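Chemist: Chain residues, written in single-letter form:
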Amino acid sequence: MRRKLAVVLVSCLLMLLVAACDGGNKDGGSSSDTGSGKNAEAGGGSGDKKATIKFWYSANDADPNDTHYKWIEDTIEQFQKANPNIKVEPTVISNADQYLNKISTEMAANNAPDIFQTWMSGRLEPFVKANRIYPLNEAIDADPAFKELLNPNNLDTSTFDGKIYALPNAMTAEVVFYNKALFDKYKLSVPETWDDLMNVIKTFKDNGVVPFALGNKDPWAGSIPYMGIYDRLFGPQAYEDVVLKQQAKWNDPSFVEAGKKLVELKDAGAFPDNFNGLSDEEALAMFHSEKAAMFFIGTWIVIEANAKLGDKLGFFNFPDIPGGKGSKADDFIVNKDEGYAISNASKNKEAAIDLLKFLFSKERQAANAEQGQLIPTVNIPYDKSKIPAITIELNDALSKVKNSMIPWDNPLGQNIGKEFNMTTQAILAGAGVEESFKKLQAVSEKVWSK
Amino acid sequence: MSTRTALVANANPQGNRQYSRLTALKYVFLGVYALAILYPLFFLLISSLKDNDEIFSNPWGLPIKWGLNVYYQVWTQYEVGRYFFNSLYYSLLSVAITIFICSMASYAIVRMKWKLSKWTLGFFLLGLMVPVHSTLVPLYITASKLGLNYPRITMIVIFVAFAIPFSVFVLAGFIQGIPKEMEESGVIDGCSLPKAFWKIIFPLLAPPLATITIFNFLGSWNDLIFSLIFINDEYYKPIQLGIMRFQGNFSTRYSFLLSAIVIAIVPSVAAYMVLQDKIVSGITAGAVKG
Amino acid sequence: MERLLRNKTTILMFILPALIIYSIVLPLPAVSSVYFSLVEWNLIDTMRFVGLDNFSFLFLYDDVFYAALKNTFIYLLLSIALQLPMAFFLAIILSKAIKGRRFFRNVIFLPVTFSGVAVSLMWYFIYHSEVGLVNRFLEAVGLGFLKHSWLADGSTALYAVIICVAWQFVGYHMVIYMAGISTIPADIVEAAKMDGAGEWHIIKHIMFPYLIPMLKVSTILMTTSSLKSFDNIYIMTQGGPNHATEVLASHMYTKAFAQMEYGYGSALSTALMALCISATVLLNRLFRRDDFDA
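Those protein sequences? They're chains A, B and C, same order as listed.
By the UniProt record's numbering, the letter at position 434 of the first sequence is numbered 434, and the numbering carries on one by one without gaps.
By the UniProt record's numbering, the letter at position 82 of the second sequence is numbered 82, and the numbering carries on one by one without gaps.
By the UniProt record's numbering, the letter at position 116 of the third sequence is numbered 116, and the numbering carries on one by one without gaps.
Simulated from the structure, these hints should not be mistaken for lab results.
The structure displayed is predicted, hence computed values, not measured ones.
Backbone N, C-alpha and C define an ideal beta-carbon position, used for all residues, glycine too.
One thing to keep in mind: the hints can contain errors.
As the list claims (entries may be wrong) - Only pairs whose alpha carbons sit at most 30 Å apart, straight line, appear in this in silico DSBU-like list of lysine-lysine:
1) A:Lys205 / A:Lys260
2) A:Lys129 / B:Lys145
3) A:Lys129 / A:Lys245
4) A:Lys260 / C:Lys70
5) B:Lys118 / C:Lys8
6) A:Lys266 / C:Lys204
7) A:Lys362 / A:Lys400
8) B:Lys145 / A:Lys87
Claimed, not checked - Some chain B residues flagged as far from chain A (calculated, every beta-carbon gap over 10 Å):
9) Ala24
10) Pro40
11) Phe56
12) Ile64
13) Tyr72
14) Gly81
15) Leu116
16) Gly122
17) Tyr140
18) Gly173
19) Gly177
20) Arg245
21) Val266
22) Ser281
Just chain A, with the same shape it has in the complex (with noise of 0.2 Å):
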């Protein structure tokens, strides 16, 4: 009895043994689907022969408001209809930073998923120079109705050598989002000059209002205000020095300026009470609740304040510093961002292309653009009716920009990247200004030093 037993019980393991062997392959479940699957990977997957590609993005699933993803479940599902014989498996992902996390561990692992959401410039660079990633430039030779589409200016930030390695799907710019009903409440104008900034800060701080709604929690959030206020003070020029081409070392004198002017708006109350422990989200629904009158962050909050403060919302560039180098009419900090790439190891590159086609094709991108979102394509027509008034503001605004900064932290890639926002988080938290840079400028020799 008892041998049956143990007999009944080792035959068991070794079953649930072999199904976790097969763990692999996902499709178990239906096997006349894992066969055609292999087929398709095997014959390398043409666009009439069954293929399964995998298909990883970041967007918010659990928000049944979030524009984005809903965006793209409708993009998957538009194409699934259409191309009956590729099976997209998407995996979300909602959190950014883990998003970046999983994409490059998976990356280094070789193992990325067939088609993907990247960041552009530093955080591509590596994955490119690891001839991890695919160039799409014969694809888009090979089909002059989607190249029209594209416009060359947006494609820099994913172009290494000449090629195109990812397409961005979203502009985002980093402008200072305000409440105009609490600017009137308290007879306040949109800020020139650091003065005048000063002024609205102490004005809304005497009155009980937050005057910047800022959630440090992940640092990025501070860089913003930083970034910003480094551009007004030593112009376009240093950022290209120092974070594109790395030439300048972080202890330089303007860093510790920059940092030293963002300790000052600091300490004259401009950010929540415990900024550095609130989340991005926290400072959102602060802005969102007029408990808080500013918000110096990028443009993809757009959609969702519009609808909850309407005519209410409106935005100014950050103000200038008088005799500083930079100028809130030119410089804008702007990202063509949120791009698709191809993996290198796809064994279907061909159903890939197809899905990276279809995301950039007339219909999708419109529907992109009508929701509210800046698109870094052109000749896209859309209706215009649909769209918010502050969008097409902002998309005006945008034209005219003459120098672009990309937020460092891409650039950066990262590990720097990182770094250098947690410097601006120390600073913001008291740290003293030039031992964080110098602290900085040790990382970055460490991991640079190549």
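Once you've looked at the hints, dock chains B and C against the given chain A.
Modeler: Below, chains B and C alone, put in the same frame as chain A:
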């Protein structure tokens, strides 16, 4: 709350007044402490059934409209059901394998005659000292070279390996106490040694195996760090990692996160209600794990 | 029989499965982690051997490491200070055959069976500044002015996490002590009572000495688990605000797996391993000497 007053009222009326006052004080203390454990759980449960507005307008009361719907939604649409079965799969399978290989290894160490047996036991016990974290980077590098393609096997092998030191420790101690005559009689009956082991010794191991099962099952069921590092794909996520997805979207709908926590806790509570003493002794057997 | 017990094939068959799985997952990586601490590598570029650079950076420049070290020790000391006396006290109350003993023991032990993730997420909700139980409660009893963003404020966040951990684990240590108390021969206590010893006297002179081994075990356990603490911090604060709750394990995780500095992460984990092992050895030695004194 009613339990507390009831118990105080029932407190032993014998003895002098001071004694009973002391007893009453003890019950008050115990009652408050038990309340501090149970009330947050109760609060979690009722809040999970409320929508966002009600969480603000009616924080203390029972839900006005019972929204069990959220559990259904979280279980199916947000895949907590699958996370749950993934966890079950990893935990059950790794415990089964642990039992199988550790009872053999412990027997070989304690009973069989070979030079390095003592040394091997020491080698296994060394594992009790190694913090998980110092294995992560090398394990990750190895796994990523293999392409992270076999998340299930990876998880199970890791859970088994980390269960080995403790299991061998408990089993070896127990086997030492089994009289040698047991398997000798089996061998005299004509069994081979492995057969005698499975037929005679293995059934005797039930008590330590119960401990090992509970301890290791909870260990792998409750794991966070390994799944955080080795599992990227939603499809393979175990429950602990899976429910974290709701934290990022916390304010959009509180009940998502709260109901997911309840789902993660319920099995522990259910198992605990049935197996109280077994679980208490199973977990605290880990007290030897320095 | 002897011959069978010396059969090499059987021995290998019995020992190898466990030995192989164990070796490739525990000792081997632990040792190679020391090697990886001497390189600079993000898994994508080529690996560079940098000698002791990671360690010199760690000791000379890494403020976060020192913050994490300090927080880890606060976490450790406060955990012991909170959990040990509370567990001891509860164990003494529950050691008597009082009514509802099992009920209370089971309730207090209950959270031990929960996962760190579930408990942390639950407390994340309890500490929430608007809908959380703590602030709600303060408001309800008229102490609304004490309302606070417990986890967002760097000066309270670490303590908030420590309390959550104590909530979960007091029951664990309590059960260990209860097991210790149950080994005290009843006649000793009875004899003392006959001699007119008060409750306090019995606790101090009979129970406490009997419990010393248990207290040692639980101190060692709390020490090693505090040094390795990760789940609660990672979920409730992610080491923030501005590293106010950073501990060694969370710093190591961020460096290695968020910033892809695998070499530096290994250096941190090597430091953590050294700390764990030396703490265990030190505590064992300390307690052993006490035994001789006693």
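Chemist: Taking only the CA atoms, is the gap from Lys145 (chain B) to Lys87 (chain A) under or equal to 30 Å?
Modeler: holds (27 Å)
Chemist: Going straight from one Cα to the other, do Lys205 (chain A) and Lys260 (chain A) come out at no more than 30 Å?
Modeler: holds (20 Å)
Chemist: Can you confirm whether the C-alpha distance between Lys129 (chain A) and Lys245 (chain A) stays at or below 30 Å?
Modeler: holds (17 Å)
Chemist: Using Cβ atoms and 10 Å as the threshold, tell me whether Ile64 (chain B) really stays out of contact range of chain A.
Modeler: Since the minimum Cβ distance to chain A is about 22 Å, Ile64 (chain B) lies beyond 10 Å and the statement holds.
Chemist: Does the no-contact call for Phe56 (chain B) survive, Cβ to all of chain A over 10 Å?
Modeler: It holds; Phe56 (chain B) is separated from chain A by about 12 Å at its closest Cβ, greater than 10 Å.
Chemist: Closest CB-CB distance from Gly81 (chain B) to chain A, is it above 10 Å?
Modeler: About 14 Å separates Gly81 (chain B) from the closest Cβ of chain A, which puts it past 10 Å; holds.
Chemist: When you check the alpha-carbon spacing of Lys266 (chain A) and Lys204 (chain C), does it fall within 30 Å?
Modeler: violated (55 Å)
Chemist: Taking C-beta pairs only, is Tyr72 (chain B) more than 10 Å away from all of chain A?
Modeler: Fine: 15 Å to the nearest Cβ keeps Tyr72 (chain B) off the interface.
Chemist: Within 30 Å, alpha carbon to alpha carbon, are Lys260 (chain A) and Lys70 (chain C)?
Modeler: At roughly 28 Å apart (the allowed maximum being 30 Å), Lys70 (chain C) and Lys260 (chain A) satisfy the hint.
Chemist: Is the hinted pair Lys129 (chain A) and Lys145 (chain B) satisfied, with a Cα-Cα distance of at most 30 Å?
Modeler: Roughly 18 Å separates the two Cα atoms, so the pair holds.
Chemist: Arg245 (chain B): least C-beta distance to chain A exceeds 10 Å?
Modeler: violated (6 Å)
Chemist: A cut-off of 10 Å on Cβ-Cβ distance, and Gly122 (chain B) was said to be off the interface with chain A. Does that hold?
Modeler: holds (29 Å)
In summary, the numbered hints that this structure violates are 6, 17, 20.
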